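> Protein chains in written order, with our numbering: chain A, 1 to 337; chain B, 1 to 337.
Incorrect hints may appear among the rest.
No copy is singled out in the list; a pair is fine if it fits within one copy or between any two copies.
Said to hold, decoys possible - Below, in silico cross-link-like pairs of lysine to aspartate or glutamate (EDC-like), each with a Cα-Cα straight-line distance of 20 angstroms or less: (1) K214 <-> D39; (2) K272 <-> E309; (3) K301 <-> E290; (4) K221 <-> E195; (5) K301 <-> D262; (6) K214 <-> E112; (7) K86 <-> D331; (8) K272 <-> E287; (9) K260 <-> D35; (10) K214 <-> E305; (11) K260 <-> E219.
Calculated from the structure, these hints are not laboratory results.
Given the structure is predicted, the values throughout are model-derived calculations rather than measurements.
There are 2 protein chains.
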Amino acid sequence: MRHRKKRLSKEDFVQGVLAGNKTVLGRAITLVESDLVEDQHLSREVLQEILPYSGNSIRLGITGVPGVGKSTFIESLGQHITEKGKKLAVLTIDPSSQRSKGSILGDKTRMETLSHHPLAFIRPSASGSSLGGVNNHTRESVLLCEAAGYEIIFIETVGVGQSETTVHGMVDFFLLLMLAGAGDELQGIKKGIMEMADALVITKSDGNNFKMAKRAKAEYKSALHLFPPSPTGWFPPVLTCSALESTGIQEIWEVVEKYKKDMKAKGYFDSKRQQQQLFWMHENIRELLESRFYQHPIVSKRLGEVENEVGAGKKEAFTAAQELLQAFEEDGFSQKK
Amino acid sequence: MRHRKKRLSKEDFVQGVLAGNKTVLGRAITLVESDLVEDQHLSREVLQEILPYSGNSIRLGITGVPGVGKSTFIESLGQHITEKGKKLAVLTIDPSSQRSKGSILGDKTRMETLSHHPLAFIRPSASGSSLGGVNNHTRESVLLCEAAGYEIIFIETVGVGQSETTVHGMVDFFLLLMLAGAGDELQGIKKGIMEMADALVITKSDGNNFKMAKRAKAEYKSALHLFPPSPTGWFPPVLTCSALESTGIQEIWEVVEKYKKDMKAKGYFDSKRQQQQLFWMHENIRELLESRFYQHPIVSKRLGEVENEVGAGKKEAFTAAQELLQAFEEDGFSQKK
């Protein structure tokens with residue numbers, strides 16, 4: 001794969017990003033998402049350079065099942081934020097979709113107004129695979145956006161999969177959008193996700209839905225009361241909003257700002273970020289080690305057959321693991337004792 | 001560390017275990033729990049030999065917060081099972097405690113009656129550290145117990161930590177004991193644990209507690225209804241029991257046997273075990289790789305300082321991970337491309 005555009009130097013990237021140049025920022029994100037070895041080297045350098053200028057933001061995870069109205073919600077909240085003259089970056093993750101002009105256009109059009117606002121930057125994250133994966137790339141894209149002066153970062157996920165846990169590991173505040181439906185309120189949402197939420201928002205609280213939303217709000221409140229409180233002392237509020245009647249948005253933003261203020265005061269805000277950094281370092285170490293292992297010819301050659309033996313109960317799991325590791329070591333993982 | 005007792009050979013272990021000799025079984029478990037390299041080699045051989053005789057059991061995870069009455073419950077259910085002439089092995093995990101004569105005696109006395117029953121075998125798992133860790137050792141202990149003819153295996157955990165997820169990954173049926181308390185019912189229990197439960201049992205449903213237990217039962221039922229159904233079609237029932245008035249125990253056991261019957265019929269029982277085997281193989285691979293890495297002199301020498309840099313935001317997490325891995329590779333993790 002060749003770059004059609006002129007390849008930017010480290011300086012081009014760093015200066016462009018720090019100057020808040022959207023085009024360069026976009027290309028910098030493409031760089032960190034790239035699997036090409038040359039790109040990876042360059043992206044490490046760029047990230048290390050911009051790192052001192054990153055971090056000065058509030059990172060919001062926004063999730064909810066399809067149909068809950070994430071884009072509309074982000075449009076409304078995004079406009080509320082940009083009207084205050086603040087710079088907002090929106091990163092969307094869709095694990096199911098590969099990067100494609102289509103999905104990018106798709107996301108742009110999904111947030112029509114916001115995407116044209118000078119203070120807003122919208123970027124769909126590619127669903128990558130390689131070292132660090134899209135999740136790590138997303139985390140690095142956040143750093144780039146912050147270095148480009150974006151004070152508020154949204155990370156949007158679909159809210160039905162593993163990705164939430166990962167996003168929760170890279171944001172300050174995790175917002176769960178819920179739909180007031182008849183019957184089971186949590187359908188589709190894994191219980192674990194509720195546990196991570198710093199706030200629940202019931203969308204489409206208007207017209208005929210209004211009553212239902214109020215009832216859902218009460219149900220969630222009592223459901224949350226069944227759960228143990230957070231050590232930070234923060235109790236996740238349940239809110240309602242309507243993009244249609246543009247109600248509730250301001251209240252939601254006030255909650256986010258209150259959270260930041262309280263957690264900063266208590267020191268949880270910074271310590272949480274520190275822990276997230278360390279978590280990611282060890283996570284990346286694990287991924288690097290495993291990719292070395294599983295991409296090794298000997299391993300990839302034997303793995304399938306070993307899995308069959310283990311699955312069929314012919315070989316003990318740990319024994320199989322040891323044997324594979326030994327073959328791997330003998331072929332170039334020699335350890336000095 | 002020297003063995004005071006005569007060291008058993010592979011044949012001694014295999015024959016003793018298959019003969020159902022409790023003393024040998026106990027020593028075999030000590031063997032798989034041992035961190036000594038020589039013991040580990042022997043234990044791999046023993047496990048591989050007995051593997052064909054393992055698996056023919058139902059594996060029960062039993063958990064609940066301290067004070068919920070796990071031991072008393074296990075006594076009652078255990079007696080119900082042994083009275084049916086079935087062999088029961090109880091493995092208890094206490095992540096907090098190191099193996100010690102004390103804790104072993106402690107657990108023995110905790111289940112006075114059961115521990116003296118000829119058909120029962122009670123064994124506290126040591127809280128180990130090394131490769132595979134106590135969790136993997138526990139899983140291997142299960143195989144040994146099965147090879148020794150135990151048809152029902154209990155794995156007891158404290159129900160407040162990580163261990164539950166691990167235990168859930170090695171059992172067929174996960175039983176969550178709950179206490180009917182005033183106010184927040186889930187205090188101390190992480191929400192994730194409820195999600196794993198195949199059945200909820202409210203203990204001490206007697207005397208003054210009876211009404212409260214009934215109310216708690218209703219609350220849990222509605223709480224569970226908020227959650228999405230399992231793909232297996234199994235809906236976790238909420239039951240009550242009293243060890244004091246010995247009520248509810250038979251009903252609980254009927255639920256377990258119904259679960260086994262249904263899941264066997266649907267094929268979920270076996271496929272779940274297969275997935276668990278594969279999960280453990282990859283889990284063990286990960287642990288082996290990480291222990292190689294973190295125990296490496298170069299890594300252990302640099303890690304602390306790197307963690308400080310990353311925590312302080314001076315170095316990017318992925319960059320730090322790469323640097324550590326490179327140092328590790330250059331010092332003996334050379335990979336053939």
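> All the hints need checking, so say for each whether the structure fits it.
Verification of the supplied hints:
1. Taking identical chains as interchangeable, the C-alpha atoms of K214 and D39 are never at most 20 angstroms apart, the minima being 50 angstroms within one chain and 62 angstroms between chains.
2. Within a single copy, K272 and E309 get their C-alpha atoms only as close as 43 angstroms, which misses the 20 angstroms cut-off; across copies the closest is 16 angstroms, which meets it.
3. For the identical chains of this complex, K301 and E290 are intra-copy neighbours only, at 15 angstroms inside a copy versus 22 angstroms across copies, given an alpha-carbon limit of 20 angstroms.
4. In this homomeric assembly, K221 and E195 come within 20 angstroms of each other (Cα to Cα) both inside a single copy, at 13 angstroms, and across copies, at 19 angstroms.
5. For the identical chains of this complex, K301 and D262 are neighbours neither inside a copy (54 angstroms) nor across copies (38 angstroms), given an alpha-carbon limit of 20 angstroms.
6. Taking identical chains as interchangeable, the C-alpha atoms of K214 and E112 are never at most 20 angstroms apart, the minima being 29 angstroms within one chain and 53 angstroms between chains.
7. With identical chains, the CA atoms of K86 and D331 are never at most 20 angstroms apart, being 55 angstroms at best within one copy and 49 angstroms at best between copies.
8. For the homomeric pair K272 and E287, neither the shortest alpha-carbon distance inside one copy (22 angstroms) nor that between copies (26 angstroms) is at most 20 angstroms.
9. When the C-alpha separation of K260 and D35 is checked against a cutoff of 20 angstroms, the pair qualifies neither within a copy, at 35 angstroms, nor between copies, at 46 angstroms.
10. With identical chains, the CA atoms of K214 and E305 are never at most 20 angstroms apart, being 55 angstroms at best within one copy and 52 angstroms at best between copies.
11. With identical chains, the CA atoms of K260 and E219 are never at most 20 angstroms apart, being 26 angstroms at best within one copy and 34 angstroms at best between copies.
Of the numbered hints given earlier, the model fails hints 1, 5, 6, 7, 8, 9, 10 and 11; all others are met.
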